[in-house]
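Asks: Knowing the structure of chain A, use the given hints to seat chain B on it.
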Amino acid sequence: MIYSKEVIKHFKKPHNQGVIKNADSVGQVGNVTCGDVMKIYLKIDDKGPKSKPGPLIKDVKFETLGCAAAIAVSSALTDRVKGMTLEEALAVKKDDIVNDLGGLPAPKIHCSMLGLEALHKAIKQYK
Amino acid sequence: MPKAKSIYFDHSATTPVDADVLKTMLPYFSENFGNASSVHSFGQRAAQGAEAARLDAANFLHCNPDEVIFTSGSTEANNLALFGMFKALRAKKPGAKLHLITSVIEHDSILEPVADLERSGVAVTYLPVDARGVISVADLEKAIKDETVLVSIMYVNSEVGSIQPIKAAGKLIKKINERRLKDWNNKKPEERGDKPDPIYFHTDATQAANFLTCNVNELNLDFLSLSGHKIYGPKGVGLLFARKNTPLRAVQLGGHHENNRRSGTLNVAGAVGFGKALSKLTPEKQERANRKIAAVRDLLASGIFKLVPGAILNTDREISTPSHAHFSFPGVEGESILIALDLAGIAVSTGSACASNSLKASHVLVAMGIKVEVAHSSIRFSLGKDNTKEDVERLLKVLPQIIERFKKMSPLK
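So the sequences go chain by chain: A and B.
Counting from 1, one number per residue, gives the positions in the first sequence under my numbering.
Counting from 1, one number per residue, gives the positions in the second sequence under my numbering.
Worth flagging that the hints you see were computed from the coordinates, not collected in a lab.
The model shown is predicted, which means the values in this text are computed figures rather than measured ones.
Listed next, the in silico SDA-like pairs over lysine to any residue satisfying Cα-Cα at most 20 Å (straight line):
#: 1; chain 1: B; residue 1: K142; chain 2: B; residue 2: T125
#: 2; chain 1: A; residue 1: K82; chain 2: A; residue 2: D59
#: 3; chain 1: A; residue 1: K121; chain 2: B; residue 2: L412
#: 4; chain 1: B; residue 1: K413; chain 2: A; residue 2: I20
#: 5; chain 1: A; residue 1: K13; chain 2: B; residue 2: I402
#: 6; chain 1: A; residue 1: K13; chain 2: B; residue 2: V398
#: 7; chain 1: A; residue 1: K43; chain 2: B; residue 2: P411
#: 8; chain 1: B; residue 1: K408; chain 2: A; residue 2: V32
#: 9; chain 1: A; residue 1: K13; chain 2: B; residue 2: D342
#: 10; chain 1: B; residue 1: K97; chain 2: B; residue 2: I144
#: 11; chain 1: A; residue 1: K13; chain 2: B; residue 2: Q401
#: 12; chain 1: B; residue 1: K167; chain 2: B; residue 2: I144
#: 13; chain 1: A; residue 1: K127; chain 2: A; residue 2: V29
#: 14; chain 1: A; residue 1: K12; chain 2: A; residue 2: M1
#: 15; chain 1: B; residue 1: K385; chain 2: B; residue 2: D10
#: 16; chain 1: B; residue 1: K407; chain 2: A; residue 2: T33
#: 17; chain 1: A; residue 1: K13; chain 2: A; residue 2: K82
Only chain A is shown next, with the shape it has when bound in the complex (with noise of 0.2 Å):
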């Protein structure tokens, strides 16, 4: 099990890791069994500017206990979806993740699947 260069970089300084206090939204998924829990925090836009607009995820933040690969994708995913309006971030696929962390081993690929789930529930909660 090798990790890409990318991955490593999330996991070392992850971004968007957090809590956000007055949260609009927040999403969890997975169980300590398993060994993944993540949780995504969203602060949202109603309107948002005139350019794009709303609703749109304004902040988000994530919380999570597991494997390397896991973190990592919290990381890539609040990152990719930060400033999208909520249809754009529920258009994200899992392969865009794990695009964005340069590949992921084969085993981990579910682990992209755990940030979506989070992210998702966290949209559906919100409307």
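Replies: This is chain B only, laid out in the frame that chain A set:
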């Protein structure tokens, strides 16, 4: 600033080749490169090297050199012991009911061949372990039936380092075999039937050889598996001790090597290195190394207890080899710790499912009653003879922050 030397705490996975061992091996690559089966002088020189190594192995095991079968490692030795013995028994007594006993904490190179034998009709009992990761001889005694032909129990568990009661198990098996024979002798010749087969006893001693006696007579063993690369020897070589007159048929055919018990051109350089590594494991040297390693381990364990709140030591130091300190850090995932330590230049391993291709938590930890989520948080430190106090100090400088960082990152507080 020069990068600090990396620290290796994964000796249970493999060990570096000892300088002396390497030196002994080198002439057998290009100078004495002959095929040990060849009759000419090149072959003879190779064969002499291999036979000297076989003698070293026999000295270590207290057996005859012709009871040593060189293999490619422990996995092959375990496969040969299991498949080879049942092949021989089935040839001798077609259709006979056969039962074998093993434990739930064996290495996959035992468990998978056993599962294969089970599918082919062999009855199997898997002995449980207690919270320390140790089987009980009373459980073994209860599991033995008239059809039991083989007991295979590992000597030392690779994950937590727990030592199994091999000597006591050997004693029990010997006693039962003697009783079987006596009962048979006491019957009238016309009522006796066939002479009863003894129960044969195998141990996978891969993780034990550095630290414990492998005297096959003292332990009452019929089969024993060893590997070169766990004892500061080379990879790709191991052995199966098979006591004279025990049933064993080759499973790898096509060259009549190793007295028809294991075909394939002998890995002479490997065998020579393996023999050298074994010759260094005298009881005195073992004892000295054990004391030194145990002292380093105690520093490591007490340091972690002091600096990492909530850490759990899964290795029971009273009943383990000095090499192992298997910890759980509940609330943090093991693979993350492993990678973070690796980035800091420290090599360890984990029982977390996330680091295995199967994505399953370690069967050993689960068998010990450790919760799956705690198993995911485990890190195995396995120490070797060259680890120092300074190595531990460097670990203790980085580990607490790593655990703290991941705890902070977790959604579960």
